[in-house]
Amino acid sequence: MGLGTIVFLLLATVILVPLAMRLGIGSAMAYLLAGVLAGPHLVGLMSDPASLSHAAEFGVVIMLFLVGLELRPRELWRLRGPLVALGAGQVAGTTALVALVGWIAGLSWQGSLAVGAAMAMSSTALALPSLRDRGLGGGPTGQGALAILLFQDIAVIPLLALLPLLATSGVPDMADTGGLGFLPGFVRTPLAMVVLAVVLVATQWAAKHVFRWLALSRQREALTAMGLLLVSGISLVAGTVGLSAALGAFLGGVLLADSEYRHEIEADLEPFRGLFLGFFFATVGAGLNLPLILSKPILVASLALGLFALKVGVLWLLARSARMNPSDRLPLALGLAQVGEFAFVLLAVSRGSGLMSGDLAGLLGGAVAVSMPLTPLSLMVWSAAQRRNMESVAQPAEGAASDALVQVEAPVLLAGFGRMGSMVGRVLKAQGIPVSVLDLDPHQVAHMRRLGLEPHFGDARREELLKAAGLAQASLLVVMVDDQEDGLDIVRTARETRPSIPVILRVHSHQGAYHALGLENVEPIRETFGAAMEASRLALEQLGWRSTRALRAVELFVRHNQASMRELAKVDRSSEDWLRLLRERIDEASNLVREDADPRHLVDRAWDNESLRTEFFKKE
Amino acid sequence: MDTAQIPDTLIVFAHPGFEKSRVHRTWLPEVEALPFVAVRDLCQLYPGGVVDVKAEQAALESARTIVLQFPLYWYACPGILKEWIDQVFEHGWAYGQTGTALRGKRLLVATSAGGAREAYQAQGRNRHSIKQYLLPHEGLARLCGMEWLGVFALHGALTVQHKQDAQASAIAYAKLLTGLHDNSLDLASLQSLENLLEAIQAT
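Sequence lines, in order, name chains U and X. Under our numbering, the first residue of the first sequence carries the number 22, and numbering increases by one thereafter. Under our numbering, the first residue of the second sequence carries the number 178, and numbering increases by one thereafter.
The reader is advised that the hints may include incorrect statements.
Unchecked claim - For lysine-lysine, the following DSSO-like pairs were computed, each having C-alpha atoms within a straight-line distance of at most 30 Å:
hint, chain 1, residue 1, chain 2, residue 2
1, U, K639, X, K282
2, X, K352, X, K197
3, U, K450, X, K352
4, X, K231, U, K639
5, X, K282, U, K640
6, X, K231, U, K591
7, X, K282, X, K231
8, X, K308, X, K352
9, X, K282, X, K308
10, X, K308, X, K340
11, U, K640, X, K259
12, X, K340, X, K259
13, X, K352, X, K259
14, X, K197, X, K308
15, X, K352, X, K340
16, X, K231, X, K259
17, U, K639, X, K259
18, U, K450, U, K229
19, X, K282, X, K259
20, X, K308, U, K640
21, X, K259, X, K308
22, X, K197, X, K259
23, X, K282, X, K352
24, X, K340, X, K231
To be verified - Now the stretches of chain U that chain X is said to cover, found in silico as 3 or more residues with beta-carbon under 8 Å:
hint, segment
25, 460-468
26, 566-577
Claimed, not checked - Partial selection, computed: residues in chain X whose CB lies under 10 Å from chain U:
hint, residue
27, V227
28, T277
29, G281
30, E315
31, D363
32, A365
No lab work stands behind these hints, which were simulated from the structure alone. For every residue, glycine included, the Cβ atom is placed at its ideal position computed from N, Cα and C.
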């Protein structure tokens with residue numbers, strides 16, 4: 022791609038995307054329009070969209086890798102129900118209906134099936150970001166969409182193998198099936214799966230060690246490069262053995278979802294996803310065959326609209342039979358009703374196998390391309406209607422809306438997993454509270470992993486990493502890093518996204534504690550305070566104090582200390598008042614522990630009967 | 178003048194198993210919503226049992242009616258409330274020659290018991306009424322010069338399956354506190370009753 026194209030796309034990103042978001046039409050639409058503008062029929066910058074297709078596909082690949090990264094194998098297993106019910110229902114239902122229409126229109130039954138299968142596909146690249154733009158990425162809509170899209174991705178593999186078998190004439194065209202093309206289909210597919218599985222497992226093992234080695238070098242770009250290398254490498258292998266590169270990337274993501282470098286990879290790849298996906302939409306826009314569409318506008322438009330409507334109907338019925346909420350059904354249906362990029366591949370194979378004519382394939386290709394913008398457009402109309410209907414409904418709470426397909430359901434985000442943080446993590450974990458953990462020391466992370474805890478490598482001072490670790494959904498941030506300034510940095514960064522999230526912050530010194538007390542809803546923990554109090558209590562016990570009394574003495578000291586800390590935090594530390602107050606508080610505290618030599622002492626008279634005894638003898 | 182702004186009713190609440198309670202999770206919000214009620218939840222304030230005596234005494238001094246609310250454990254109040262009483266009701270403050278801080282205030286117990294009303298009778302399994310079991314609280318009231326109002330008790334708390342089953346008693350509880358607050362109840366007649374819950378529900 023030429024520099025001009027890059028400049029144009031980046032310009033579109035910088036100008037059109039924020040504009041589109043403000044106007045509420047979604048970023049996908051913005052890129053599509055940019056693509057149409059730049060395409061061969063208007064400005065002519067992107068005169069050969071096919072040459073951009075690799076960069077464009079890379080966007081889809083990164084996206085599915087990141088989607089996979091959010092899904093642990095366990096969570097993927099949980100999706101198996103909707104995957105089969107929704108996914109199979111959608112593919113089978115749409116294929117059958119479209120094939121029926123094709124057959125009535127006079128196609129052969131094989132041709133009808135091929136068209137049906139191609140039209141059943143949706144566009145992952147369009148559906149997920151369009152839903153995300155509307156805040157529907159998480160929850161039942163997002164999960165249902167993901168299940169269906171994954172099923173389609175898997176279904177493409179046998180379809181590619183089966184379509185040529187349907188062919189009644191001619192030799193199947195193997196151009197699209199990669200380096201294993203010389204093998205017959207029934208050997209190729211299982212073999213490809215085995216090869217990919219071996220590569221994935223090997224990658225997972227290697228990545229773990231490489232990431233740690235790179236993390237130790239503290240060079241961020243090395244980690245970013247490694248993330249990109251991983252995605253492109255896996256999809257290269259998948260593509261070579263004739264599998265969908267996106268599916269390969271997705272599986273690679275799932276396998277790394279348990280890795281301690283998950284959040285780091287997520288944060289590093291996120292911007293690439295957006296940019297490359299933008300390229301993808303732009304190439305779709307540029308690829309719109311304007312002359313064909315303009316020569317048969319009514320036919321193409323009615324094909325596209327008809328397909329879209331039919332797919333909406335099938336999806337809506339499936340969502341209903343899956344007992345999805347009425348309010349989730351329509352966005353799911355609209356989100357997936359476009360015909361996706363796999364259709365182009367399936368159409369090409371079908372044509373190569375002689376299942377349909379070139380004219381029909383071209384016409385359908387036009388309809389596919391026209392159906393794509395219908396998703397962002399219809400979702401825009403839907404959400405505008407939604408807004409009008411629900412004007413009075415309260416907005417979701419701060420940070421409640423999330424882009425994550427699978428919610429990181431950790432109420433606690435813990436930054437720093439060293440001597441203090443790991444203990445906090447263990448206590449919370451013992452109570453069955455999920456904790457999302459970030460730590461910057463690869464050795465510590467690896468060590469804690471061996472102990473069965475699950476910290477992730479990542480710098481919590483970076484907003485992307487806090488977000489990847491679930492800042493948006495967390496109800497508490499616990500910062501246990503050993504450097505006080507780093508800790509305050511983390512709080513500042515987190516508060517930019519979640520201004521009112523409660524924080525428990527480890528501080529090193531009194532100064533740090535005063536500073537933290539000046540912030541709203543930040544609870545400072547002086548790192549040595551608890552241990553010093555514990556030591557004091559033991560000292561008193563060793564001196565022969567009964568445990569109850571030792572505990573009370575220490576507890577009273579703690580309370581007094583914390584109260585005076587809060588009071589002193591309000592006073593300007595350069596003033597005269599501050600020193601005076603400090604001296605007073607210190608005196609008070611020592612009086613406090615010098616408990617009950619004097620029975621009239623005001624501090625701790627629990628179970629003290631001296632005054633009662635005095636009164637009793639006075640009466641005698 | 179509207180005195181509703183200043184809490185004159187102090188509920189001292191002790192429930193170690195509050196999260197699982199059906200009765201008290203219905204009762205407490207109901208009475209907490211009353212503008213003249215302040216609540217001190219001992220399990221929240223003093224998990225380690227070291228009571229801030231000064232703060233507690235100040236809260237008691239500003240109240241006119243003191244309510245001890247708790248589930249009945251082994252025919253008595255939960256340990257944390259006894260602990261609180263032991264530490265807060267100091268000689269020289271609550272009782273003794275100079276101990277006049279609580280004089281003239283009114284003391285009420287609001288409690289829930291698993292056993293049925295029939296069990297808490299002379300012929301029943303427990304032989305005595307809840308009011309009789311709670312004699313120590315009556316003694317405390319007398320020694321401190323407080324007016325002993327008696328016991329508001331929900332029997333058969335074990336049979337309360339859902340929070341709404343306790344709704345009627347919660348409303349009666351709020352009604353009792355409101356009556357005490359605006360002096361619309363005949364205290365003398367209350368004091369002779371075994372259980373104020375039944376009396377309120379009868380009116």
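How the hints compare with the structure:
1. K639/U / K282/X: Holds: K639/U and K282/X sit about 28 Å apart, inside 30 Å.
2. K352/X / K197/X: holds (25 Å)
3. K450/U / K352/X: violated (44 Å)
4. K231/X / K639/U: Answer holds: K231/X to K639/U is near 27 Å, not above 30 Å.
5. K282/X / K640/U: The given pair, whose Cα atoms are some 27 Å apart, holds under the 30 Å limit.
6. K231/X / K591/U: Judged against 30 Å, a Cα distance of about 24 Å means the pair holds.
7. K282/X / K231/X: holds (18 Å)
8. K308/X / K352/X: Holds: K308/X and K352/X sit about 20 Å apart, inside 30 Å.
9. K282/X / K308/X: holds (19 Å)
10. K308/X / K340/X: holds (25 Å)
11. K640/U / K259/X: holds (28 Å)
12. K340/X / K259/X: Distance of about 27 Å is within 30 Å: holds.
13. K352/X / K259/X: holds (27 Å)
14. K197/X / K308/X: holds (25 Å)
15. K352/X / K340/X: holds (18 Å)
16. K231/X / K259/X: Given pair K231/X, K259/X holds - Cα atoms ~17 Å apart, limit 30 Å.
17. K639/U / K259/X: Holds: K639/U and K259/X sit about 29 Å apart, inside 30 Å.
18. K450/U / K229/U: holds (24 Å)
19. K282/X / K259/X: holds (19 Å)
20. K308/X / K640/U: violated (33 Å)
21. K259/X / K308/X: Measuring from Cα to Cα gives roughly 17 Å; hence the hint holds.
22. K197/X / K259/X: Within the cut-off at roughly 21 Å; holds.
23. K282/X / K352/X: holds (19 Å)
24. K340/X / K231/X: Given that 30 Å is the threshold and the Cα spacing comes to 35 Å, the pair is violated.
25. 460-468: violated (count 0)
26. 566-577: holds (count 4)
27. V227: Holds - the Cβ of V227/X comes within 10 Å of chain U, reaching about 4 Å at its closest.
28. T277: violated (14 Å)
29. G281: violated (22 Å)
30. E315: Not OK, violated: E315/X not within 10 Å of chain U, min 21 Å.
31. D363: violated (37 Å)
32. A365: violated (33 Å)
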